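Number of protein chains: 2
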Amino acid sequence: MKGNIIVGQSGGPTAVINSSLAGVYKTAKDRGVTKVYGMLNGIQGFLEERYIDLSDYIKNDLDIELLKRTPSAFLGACRYKLPDIHKDKELYEKIFEILNKLDIECFVYIGGNDSMDTIKKLSDYAIVTGQTQRFIGVPKTIDNDLALTDHTPGYGSAAKYIGTATKEVIRDSMGLVYNKGLVTVIEVMGRNAGWLTGATALAKGEDCEGPDFIYLPEVIFDLDNFLEKVGKQLAKKKSVIAAVSEGIKIADGRYVCELSANVEYVDAFGHKQLTGAANYLANRLSEKFGCKTRTVELSTLQRSAAHLSSLVDINEAFQVGGAAVKAADEGDTGKMVVIDRVSDDPYQCSTGIYDVHKISNVEKVVPREWITKDGSNVTEEFLDYVRPLIQGDLAPITVGGIPRHLTMIRHK
Amino acid sequence: MKGNIIVGQSGGPTAVINSSLAGVYKTAKDRGVTKVYGMLNGIQGFLEERYIDLSDYIKNDLDIELLKRTPSAFLGACRYKLPDIHKDKELYEKIFEILNKLDIECFVYIGGNDSMDTIKKLSDYAIVTGQTQRFIGVPKTIDNDLALTDHTPGYGSAAKYIGTATKEVIRDSMGLVYNKGLVTVIEVMGRNAGWLTGATALAKGEDCEGPDFIYLPEVIFDLDNFLEKVGKQLAKKKSVIAAVSEGIKIADGRYVCELSANVEYVDAFGHKQLTGAANYLANRLSEKFGCKTRTVELSTLQRSAAHLSSLVDINEAFQVGGAAVKAADEGDTGKMVVIDRVSDDPYQCSTGIYDVHKISNVEKVVPREWITKDGSNVTEEFLDYVRPLIQGDLAPITVGGIPRHLTMIRHK
Numbered sequence: 001m002k003g004n005i006i007v008g009q010s011g012g013p014t015a016v017i018n019s020s021l022a023g024v025y026k027t028a029k030d031r032g033v034t035k036v037y038g039m040l041n042g043i044q045g046f047l048e049e050r051y052i053d054l055s056d057y058i059k060n061d062l063d064i065e066l067l068k069r070t071p072s073a074f075l076g077a078c079r080y081k082l083p084d085i086h087k088d089k090e091l092y093e094k095i096f097e098i099l100n101k102l103d104i105e106c107f108v109y110i111g112g113n114d115s116m117d118t119i120k121k122l123s124d125y126a127i128v129t130g131q132t133q134r135f136i137g138v139p140k141t142i143d144n145d146l147a148l149t150d151h152t153p154g155y156g157s158a159a160k161y162i163g164t165a166t167k168e169v170i171r172d173s174m175g176l177v178y179n180k181g182l183v184t185v186i187e188v189m190g191r192n193a194g195w196l197t198g199a200t201a202l203a204k205g206e207d208c209e210g211p212d213f214i215y216l217p218e219v220i221f222d223l224d225n226f227l228e229k230v231g232k233q234l235a236k237k238k239s240v241i242a243a244v245s246e247g248i249k250i251a252d253g254r255y256v257c258e259l260s261a262n263v264e265y266v267d268a269f270g271h272k273q274l275t276g277a278a279n280y281l282a283n284r285l286s287e288k289f290g291c292k293t294r295t296v297e298l299s300t301l302q303r304s305a306a307h308l309s310s311l312v313d314i315n316e317a318f319q320v321g322g323a324a325v326k327a328a329d330e331g332d333t334g335k336m337v338v339i340d341r342v343s344d345d346p347y348q349c350s351t352g353i354y355d356v357h358k359i360s361n362v363e364k365v366v367p368r369e370w371i372t373k374d375g376s377n378v379t380e381e382f383l384d385y386v387r388p389l390i391q392g393d394l395a396p397i398t399v400g401g402i403p404r405h406l407t408m409i410r411h412k
Numbered sequence: 001m002k003g004n005i006i007v008g009q010s011g012g013p014t015a016v017i018n019s020s021l022a023g024v025y026k027t028a029k030d031r032g033v034t035k036v037y038g039m040l041n042g043i044q045g046f047l048e049e050r051y052i053d054l055s056d057y058i059k060n061d062l063d064i065e066l067l068k069r070t071p072s073a074f075l076g077a078c079r080y081k082l083p084d085i086h087k088d089k090e091l092y093e094k095i096f097e098i099l100n101k102l103d104i105e106c107f108v109y110i111g112g113n114d115s116m117d118t119i120k121k122l123s124d125y126a127i128v129t130g131q132t133q134r135f136i137g138v139p140k141t142i143d144n145d146l147a148l149t150d151h152t153p154g155y156g157s158a159a160k161y162i163g164t165a166t167k168e169v170i171r172d173s174m175g176l177v178y179n180k181g182l183v184t185v186i187e188v189m190g191r192n193a194g195w196l197t198g199a200t201a202l203a204k205g206e207d208c209e210g211p212d213f214i215y216l217p218e219v220i221f222d223l224d225n226f227l228e229k230v231g232k233q234l235a236k237k238k239s240v241i242a243a244v245s246e247g248i249k250i251a252d253g254r255y256v257c258e259l260s261a262n263v264e265y266v267d268a269f270g271h272k273q274l275t276g277a278a279n280y281l282a283n284r285l286s287e288k289f290g291c292k293t294r295t296v297e298l299s300t301l302q303r304s305a306a307h308l309s310s311l312v313d314i315n316e317a318f319q320v321g322g323a324a325v326k327a328a329d330e331g332d333t334g335k336m337v338v339i340d341r342v343s344d345d346p347y348q349c350s351t352g353i354y355d356v357h358k359i360s361n362v363e364k365v366v367p368r369e370w371i372t373k374d375g376s377n378v379t380e381e382f383l384d385y386v387r388p389l390i391q392g393d394l395a396p397i398t399v400g401g402i403p404r405h406l407t408m409i410r411h412k
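First to last, the protein sequences are chains L and E. FYI, in the UniProt record's numbering the residues of the first sequence are 1 to 412. FYI, in the UniProt record's numbering the residues of the second sequence are 1 to 412.
The following block holds chain L by itself, in its conformation from the complex:
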């Protein structure tokens, strides 16, 4: 590659999004690219000409190792949707002006569904206007809802955290016994896809029964049936655990969290920010059974707990970053790197590359057959799919007992 590279990060944080950034940087440098720029806050910052030369921040191999272990976009991210090309040609002209000024040959964007839309539009514009820059997408989302790739980097670490935290919450809930029992409702991220919520089942093993009930957004949530099931379980055991997706909906299409009128925020893509399903259900349970209830919202840690990242996930995130540079170098554009599962047992994956037009704006949900018939748990097939993705650890590099990250603050 004769020109330079610019890389950006977009959308919600993951624990390994910077491992992909490290993969882009390392592979670009190994291939002799002169400058690897990082746009700050994605395409939004790029439009304001806010970018850095990554070599000012990544100075040696130890920095690469720290970057792999640093959660949340090192470069900052954005939720910015490019307008359709015909609606704002000037904006596209401005983007390409900046690209030309920096002598960019390859534009890499690490993100989810919405980010792939950016890659699609920019590569379309380049082709239509006869320009030669290449645009490659690198998948990233804890939600695991991107089509065509077996799974997305970020999901494995989130699943490992969720499985581990669920197991520890279950242990905690068994410490004290309450007269009328205790129901713990764990709320997990995932608006339309239950990949994250299903990962609570990873807590199950020879030493732990796992959650009693797991409700994914793929199945309509029946409140009466839920209350009845939990009631029956409370008669059998003193501590009952239910894991629910933030995105579970009742038959009339309303989110469970909307029943308690707790919808706060709509993002630039028109997505509602959902929270409160667990609290609503806990209140209903406590009213009906007089039991003690507790809610655990796994909060932003489920996407940022890099101290518990999966080694498989970190490595794959690094690989897809590198594969993006390789693909651009070989002339690809308008493509996203994907992960193909070559074998289940032993687990083996390789990277591939697909046309981004086939990927963007399609959400991959959990297949119905991986959810139990009554809709209150996941099957062994689901677990067989997830387990390989959570294997191994990359020990945090700690200073004073706390994980060290690579951040821009160090260099101020």
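These aren't lab readings, by the way, just hints derived from the structure by calculation. Only a predicted model underlies this, so the values are computations on that prediction, with no experimental measurement involved. Hints may contain errors.
Since the list gives no way to pick out one identical chain from another, each pair is judged satisfied if it fits inside one copy or across any two copies.
Stated by the list, open to error - Quick list of in silico lysine to any residue cross-link-like pairs, SDA-like style, CA-CA up to 20 Å:
no. : residue 1 : residue 2
1   : K59       : E330
2   : K236      : I409
3   : K232      : Y354
4   : K94       : Q133
5   : K236      : C291
6   : K236      : Q391
7   : K180      : Y80
8   : K238      : R50
9   : K237      : E209
10  : K29       : I127
11  : K238      : E49
Based on the hints, put chain E in the right spot on chain L.
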């Protein structure tokens, strides 16, 4: 020791309460004790004659290692307060009848302030009635509020988790930028003592600014001042972090969480269960500044995240368990094992033993001089005290990517 030992666990879970149990068991066996019984759900289960022979569950050295890494009371705990002796002599007679039946020479109780009250009453009763059993307390509480001991086992691991999680939440909050800024309010356990909330400052380092504000329950909370401070900070940076104790109170004595009428539960010791301070403050901030807000309740994971335990803490928990058996063997009763800090740098501690009458029902809070003058952060002295307690890791023993615990389920 010619007789047997019985050991129980009481009060809220910690990540290392079972390391103390392992220390009791191992030391007892090394000293040739025939039977080590475990009472199920503490003194409450003991009164129902629910107990196990621990050797049925701890079968080898690997089980000891698993037990050290298993959070929340292996034996189950209780919140049961013994009545005063003169109010229910029959109850005490029943307890000693069971002790005699099992040929118990030493009764070890692992717990916090309330549990030391149990040790005090039982040892008083034995002395008054001329009986020879020995009663020893082993300190345990994430709250670190026990008097006379430098710190309590369980606190170091909680502090390590809180510091790490806070740092990851701070990283996460910097990923996306919001027009009017983002304020993240982290709510931490600790009703009257700010040891846990202060531990959020551990996030601070060369690579992280740490929380902007930290509010401990030791200082009266001034809402207007808080809003003003956060407003000024929002003018300077796009992501502001405030950590607050669940127990912060305003000048008239009301808890901040009570301002939103969210008090749910009073336990057997008359303690209110507090939650909701962060939500209340986030709502006020969002009203006043139109900023985006996020609340992170560290939930029960702050006391149960054994996957991130401090090695120092695990080892000290093990040592105080062993020291309890040794003390009883040497004739002590009505005592609690304590940790004495011999040296700060290098950190060195040894175990000691104190009269439980001096310990029970006294809450140790954070010294005022370890909190900044304006009451919105902790000082370097606070951090110097905490840092040695969070050092080192004991890698989880994982099966299928998830930590394995020692639980009774395995043996069903």
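Verification of the hints:
In the homo-oligomer, the alpha carbons of K59 and E330 never lie at most 20 Å apart, since the shortest distance is 27 Å inside one protomer and 59 Å across protomers. With identical chains, the CA atoms of K236 and I409 are at most 20 Å apart between copies only, with a shortest distance of 15 Å across copies and 53 Å within one. For a Cα distance limit of 20 Å, the shortest separation of K232 from Y354 qualifies neither inside one copy, at 48 Å, nor across copies, at 48 Å. For the homomeric pair K94 and Q133, the shortest alpha-carbon distance inside one copy (14 Å) is at most 20 Å, but the shortest distance between copies (84 Å) is not.
Proximity of K236 to C291 under the C-alpha cut-off of 20 Å is restricted to the intra-copy arrangement: shortest distance 13 Å within a copy versus 46 Å between copies. For the identical chains of this complex, K236 and Q391 are neighbours neither inside a copy (34 Å) nor across copies (42 Å), given an alpha-carbon limit of 20 Å. In this assembly of identical chains, K180 and Y80 lie within 20 Å of each other by CA distance solely across copies; the values are 16 Å between and 49 Å within a copy. Taking the shortest alpha-carbon separations for K238 and R50, only the inter-copy value of 16 Å comes in at or below 20 Å, while the best intra-copy value is 56 Å.
For the identical chains of this complex, K237 and E209 are intra-copy neighbours only, at 12 Å inside a copy versus 45 Å across copies, given an alpha-carbon limit of 20 Å. For a Cα distance limit of 20 Å, the shortest separation of K29 from I127 qualifies neither inside one copy, at 27 Å, nor across copies, at 77 Å. Taking identical chains as interchangeable, the C-alpha atoms of K238 and E49 lie at most 20 Å apart only when they sit on different chains, with a minimum of 19 Å there against 58 Å within one chain.
When held up to the earlier numbered hints, the structure conflicts with 1, 3, 6, 10 and fits the remainder.
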